[in-house]
Amino acid sequence: MSESSSLLAPPSTWEEFTEGLWKRNPVFVMVLGMCPTLAVTVSAVNSISMGIATTFVLSASCFLVSAMRKMIPKEVRIATFIVIIATFVTVVDYAVQAISLDLYEALGAYIQLIVANCLVLGRAEAHAARTPPLAATMNAIGMGLGFTLSLVMIGGVREILGAGAFFGIPLFGPHFQPWVVMVLPPGGFFVMAGWLLLFSIVRRRAQMRANAQEAANRAAAETSGACHGA
Amino acid sequence: MARESLAQILLTTILSGNFVLAMFLGMCPFLGVTHSVSVAFPLGLATTFVIVIASLSAYLLNWVLGLAHLEFLRLICYIVVIASAVQLVEMYVKKHYPPLFRALGIYLPLITTNCAVLGVALFQTARDYDFMQSITFAIGGGVGFTLALTLLASVRERVQLSDVPEAVQGTVLVLMLAGVLSLAFMGFAGLGG
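Protein chains in written order, with the working numbering: chain A, 413 to 642; chain B, 118 to 310.
Warning: the hint list may mix true and false statements.
What the simulated footprint calls covered on chain A by chain B, stretch by stretch (three residues with Cβ under 8 Å from a Cβ of chain B suffice, anywhere in the stretch; the number is not a length) [unchecked claim]: (1) 460 to 471; (2) 482 to 489; (3) 518 to 524; (4) 549 to 560; (5) 565 to 578; (6) 602 to 609.
Bear in mind the hints are in silico, worked out from the structure with no lab data behind them.
Ideal placement from N, C-alpha and C gives every residue a C-beta, glycine not left out.
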């Protein structure tokens, strides 16, 4: 992961925050943290809880990693990061258990699996270990919210198609025939692929329009140049 | 849950409850290193080895932590043990199979953050498996993981030469293939109880 923008000029705190929301969205752009993305997104509520839990772990561990970055020896940094992350995940695990037992059972072992989420370790290693605490925390919160956003986007679609509801509120009449496969594992792959396909098409359209614009400009410049020549 | 027979556990973890295609564990290597069978298969084997070691150590750790009433340290202990096991495998592969070591690249140390490895330890604890059940669960999980990786890699090798629309190329295509594979594996549902 190259931090090209930070090489040119140190990005402002606001830029750090917004980076992860969309421009470098962890799920749709960087394709990190796929296991929870696909496993828990059977409903919008599960998705948003998982997103919030991950955001907390991500921001807390990035803050601590960043605050301790000068103290951690380079050789054992990964092990140190993992222990820091595991500590916060244990906190979240017990907190969720205390807040809602239903939610805890719905998310199951996937809360503890936040430890093995590449997103958290990836951000700690690639960003937090090189930036001062404030910027690192803001970036982590942005990334976490971006993660939550994409989880809800996937979970929402799966819930609407597979259960005919959104956040548990039924949307269609009683004759709605749920598309059950969408809440089963294959649905996770298909919905994620669908979103990525949509983004890829939109991006290609924008690219083509930009190319056409550029070609038109060049043609206009050439004709005007030719006129001048004549 | 504790009365599940070993054969049941084995069948379920390999087919209907496949770690990758049904439980979404270990997605990173599944999407990342399945360009060719020659890389996917050895990575699957290495991961299987780590999974079995992780399962064994998780079982011992549960016992030790249970004796000392330190269950809240479980997660931290698991991850440290797994990280050491991966280090061991990495050193072994580097010494004995240098070309494979280069081919696997970053994905070898990344086995540490492979959900499948940690997942085995967590699921066997959550389901209260005894010693033999845990080992069977781990072996089944590893074999299932290798199977899923190899299958996807073979499909991707075939698709490489076909004419795919430009917008679908890359991650989108892999996810769609994985979805179809996952659908196929759902056909095994009910097998082994």
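Comparing the hints with the structure gives:
no.: 1; hint: 460 to 471; in the structure: violated (count 0)
no.: 2; hint: 482 to 489; in the structure: violated (count 0)
no.: 3; hint: 518 to 524; in the structure: holds (count 3)
no.: 4; hint: 549 to 560; in the structure: violated (count 0)
no.: 5; hint: 565 to 578; in the structure: violated (count 0)
no.: 6; hint: 602 to 609; in the structure: holds (count 5)
Checked against the numbered hints given earlier, this structure breaks hints 1, 2, 4, 5; the rest are met.
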